[in-house]
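Number of protein chains: 2
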Amino acid sequence: MQEIKYNQYSKEALEGLTRGAFLNVSHEGQDNTMTIGWGSLGYIWKKPIIMVMVRYSRHTYQMLDEAGEFTVSIPFGDEFKKELVFCGSQSGRDMNKFENCNITTVRAHSVNAPLIDGCDLHYECKVVYKQAMEPGILCGDLDDKFYKNKDFHVLYYGEIVGTYAK
Amino acid sequence: MQEIKYNQYSKEALEGLTRGAFLNVSHEGQDNTMTIGWGSLGYIWKKPIIMVMVRYSRHTYQMLDEAGEFTVSIPFGDEFKKELVFCGSQSGRDMNKFENCNITTVRAHSVNAPLIDGCDLHYECKVVYKQAMEPGILCGDLDDKFYKNKDFHVLYYGEIVGTYAK
Chain H
52 MQEIKYNQYS KEALEGLTRG AFLNVSHEGQ DNTMTIGWGS LGYIWKKPII
102 MVMVRYSRHT YQMLDEAGEF TVSIPFGDEF KKELVFCGSQ SGRDMNKFEN
152 CNITTVRAHS VNAPLIDGCD LHYECKVVYK QAMEPGILCG DLDDKFYKNK
202 DFHVLYYGEI VGTYAK
Chain D
52 MQEIKYNQYS KEALEGLTRG AFLNVSHEGQ DNTMTIGWGS LGYIWKKPII
102 MVMVRYSRHT YQMLDEAGEF TVSIPFGDEF KKELVFCGSQ SGRDMNKFEN
152 CNITTVRAHS VNAPLIDGCD LHYECKVVYK QAMEPGILCG DLDDKFYKNK
202 DFHVLYYGEI VGTYAK
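Residue numbers (our numbering), protein chains in the order written: chain H, 52 to 217; chain D, 52 to 217.
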């Protein structure tokens, strides 16, 4: 694993994200991961920032909210397709997803959240800003489409403290 | 100008942004531009999204808020250095920045905001979500550093309806 600049593979990161990436957290000795397909990469407050979104209903929500740290592990190809489907449809409340999927984790360099072994790109992040989506501000059709049941996302803006490529 | 995929030059876009880019708006027949150095590029709500930030105090704020559309024009090199400094330090309330800087604009393809002629990359965007920053949620040192006078940013999430390269 090699440390690189945060935007080195931004094109591949954005493309990988839309096909599915792992959002990893660690809290009180428990590791967990969930599948994400949305997010953004940017430069804000003079820092490289990745923004990830977690719905209130998710097990990850409380873990991330309390830990204040996360990692994102992105495969560029399809080698984690099955695992991403599984981790996006099951909850860490009920099981250890890593064991169930035979996913191997490795320790991150600067945060407690783990990295998913074998992914092409990893961001290690510390939350510097978070904000829950405000009901009713999203343009109408998107609000109906994604938040009909009012299970809004919380937006976590994480300072990228390390970017690593396979 | 050639239409490309939104993330084609994301690496260059993020690097260009940190050196300065033009955020362009048009409202009630008046065009304006301001310099931005922060923002993000992502995929959210199943759409390519660029997020830009405008402080309440800016002339652009009301224009953008009412128009609901904007463009971002990014130079990859230093050829607009002087113009970016000027447009970041003067207000469109007091002058026509384009005339003062000898900046030429061209019409965009799908929004009313103009594009800055000669820039390497252009995003045409329609606002789908906006949210004012909440005082006190940003981690302490950043809050002190950037918002001591409480002139917070409003975050505008624009669906990228067209990306064009020179």
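Check before you lean on any hint, since a few could be wrong.
The list cannot tell twin chains apart, which means a pair is met if one copy fits it or any two copies do.
Unchecked claim - In silico SDA-like pairs for lysine to any residue, Cα to Cα no more than 25 Å straight-line:
1. LYS199 to GLU63
2. LYS98 to ASP192
3. LYS201 to LYS217
4. LYS97 to LYS181
Please keep in mind that the hints were generated in silico from the structure rather than gathered at the bench.
Structure-based check of all given hints:
Proximity of LYS199 to GLU63 under the C-alpha cut-off of 25 Å is found in neither arrangement, the shortest distances being 32 Å within a copy and 37 Å between copies. When the C-alpha separation of LYS98 and ASP192 is checked against a cutoff of 25 Å, the pair qualifies only between copies, where the shortest distance is 13 Å, while the shortest distance within a copy is 33 Å. For the homomeric pair LYS201 and LYS217, neither the shortest alpha-carbon distance inside one copy (39 Å) nor that between copies (42 Å) is at most 25 Å. Both within a single protomer and between protomers do LYS97 and LYS181 lie at most 25 Å apart by alpha-carbon distance, with minima of 17 Å and 21 Å respectively.
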